[in-house]
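Residues in the sequence shown are numbered from 115 upward in steps of one, following our numbering.
Honestly, the hints are just simulated from the structure, not real lab data.
Keep in mind that the hints are not guaranteed to be accurate.
[Claimed, not checked] Taking CB as the label site, the calculated pair distances span:
| no. | residue 1 | residue 2 | range |
| --- | --- | --- | --- |
| 1 | Asp315 | Arg467 | 51 to 59 Å |
| 2 | Arg200 | Gly536 | 42 to 50 Å |
| 3 | Glu366 | Asp543 | 36 to 44 Å |
| 4 | Gly536 | Arg367 | 34 to 42 Å |
| 5 | Phe562 | Asp436 | 16 to 24 Å |
| 6 | Tyr600 | Gly147 | 36 to 44 Å |
| 7 | Ala279 | Asp315 | 15 to 23 Å |
| 8 | Glu349 | Pro612 | 30 to 38 Å |
| 9 | Ala128 | Ala441 | 55 to 63 Å |
[Said to hold, decoys possible] The calculated DSS-like cross-link candidates involving lysine-lysine, where the alpha carbons are at most 30 Å apart (straight line), are:
| no. | residue 1 | residue 2 |
| --- | --- | --- |
| 10 | Lys594 | Lys524 |
| 11 | Lys524 | Lys495 |
| 12 | Lys495 | Lys357 |
| 13 | Lys357 | Lys263 |
Note that beta-carbon positions come from the ideal geometry of N, C-alpha and C, so glycine has one too.
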Amino acid sequence: MDRLLQQAEECFRAGDRARAEALCQQVLGRAPGSAGALRLLGILRLEGGRAAEAMPLLREALQADPENLDALDALAAACAAVGDYRQAEEVVRRALAVDGSRPVAHFRLGMALASRARWSEAAGAFEAAIALEPRYAEAHHNLGDALTKLNRPHEAMACFQRALALDPSNPDTHNSLGFALQELRLWGAAARHYERALALDPSYAKAHYNLALARLFHHDFEHGWPDYEQRLTCEPIRATLRKRRDALDRYERLPRWHGPSDAGGGEVAIWAEQGIGDQILFSTLIPELVASGVRFVYEVDRRLLPAYERAFPGARFVPLDDPPSEALRRADRVLLAGSLPGLFRRSQAAFERQPARLLNARPERVAHYRRWLNALGPGLKVALSWSSTRADWWMQKKSARLADFASLLKLPGVRFVDVQYGDTAAERDAVAAATGIRLLHFDEVNYFNDLEEMLAILDACDLVITTSNATAHFAGALGKRTWLLYLAGQPPFHYWAPGEDH
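Put together the whole structure using the sequences plus the hints.
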């Protein structure tokens, strides 16, 4: 039995995976509880891309040999491969309890923590790996990624530079360093590292996409928009474009529209993408679609459908659905809304054609809310929104607390209206207790779903103050005077970035 297992391990080391698996099966046929055969077979299944099948084998092996580091390492990797990062963390911690001196175990712990967005703990695990092995390039890289998520780009940049000193040909590290430099508004240096990543791997979609964003931040629209099309091939970005990925699969099977110069008749379907704020942003190109004379059908969020139909009575709109409307699927040609700027905004001068106002609130509802606001007494009426509901690390760039506005709320002669979507009652109560100031809130309105009412409330106010959330886009669509807030002069998105003369 021991001889068969030894032969299996020799075949595994020699790369003969099929022979190694056959020998493991022979051992298990004779000794079903063989920890060595179960462990090796589990590792073989894991390396063959069959992580779910590997897990029960490795768990059974660990029942017989609970401190076997090879089995623990493989089980942790299998848990991560199937997306069970909580279990991966638990298994790695078991391995560290057996032997805490292995840099790779600390690295795996960092990866499990990072996969659950526990960035501070992940950074500590990567630092532990580096303390044990200072030349661990991958740990330096992932420490940099964690520090980026913690909004510490200077420290992240140093980590990526150390990783590149150890492994200068890693396209991922060049891409990540480019992002850290972009966070520091060093656009040229960021672009050079994205370009270096692409020189090393021309098919690297994420570097193409990041290069696009760096150029768009820098207002190099001519060169930025072509690479922006890589959002369809960059999987993390593609996953944010539609709720169901099969909608994009349908889209990609349809003939593409290439702009007003694209000869041929028939209707063009413009498909919505990304969040509602992005959808409003891209829809600022509708007036030029109308002026181009092309016959089109435009997909918009159902909550805003009446507002678009009011604003463009001659145009055809359909509600955003997945699967998409039949009108979108049967059109002669299609285009994602995010591709419109690449057709109509190829230079900074082209943005002079941006409409000053895109949508209109219902006049009778605006009058209704103005009566409420006037009842507050004289003074400036300010709509205030302060947070984003995005459940990712970007939220820290897009959100504040209502308490952070306490000094602003005390300004004499100013009345504030809470237009923050979501349940804000506890925050309003806390601020009222601390400052004696209570914001007006229209409790009967669902600020997330009743967007016709939301538009009317914003339009009834004199000024909108908001962080980078959907409220900013609603206010912009109304042509409302708006103060947009973001951290430390760092706009979270290219479309908020001021020109070089600002």
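These are the hints, each one checked on the structure:
| no. | hint | verdict |
| --- | --- | --- |
| 1 | Asp315 with Arg467: 51 to 59 Å | violated, 37 Å |
| 2 | Arg200 with Gly536: 42 to 50 Å | violated, 27 Å |
| 3 | Glu366 with Asp543: 36 to 44 Å | violated, 49 Å |
| 4 | Gly536 with Arg367: 34 to 42 Å | holds, 38 Å |
| 5 | Phe562 with Asp436: 16 to 24 Å | holds, 19 Å |
| 6 | Tyr600 with Gly147: 36 to 44 Å | violated, 60 Å |
| 7 | Ala279 with Asp315: 15 to 23 Å | holds, 20 Å |
| 8 | Glu349 with Pro612: 30 to 38 Å | holds, 31 Å |
| 9 | Ala128 with Ala441: 55 to 63 Å | holds, 60 Å |
| 10 | Lys594 with Lys524 | holds, 23 Å |
| 11 | Lys524 with Lys495 | holds, 13 Å |
| 12 | Lys495 with Lys357 | violated, 37 Å |
| 13 | Lys357 with Lys263 | holds, 24 Å |
The structure does not agree with the numbered hints 1, 2, 3, 6 and 12 stated previously, though it agrees with the rest.
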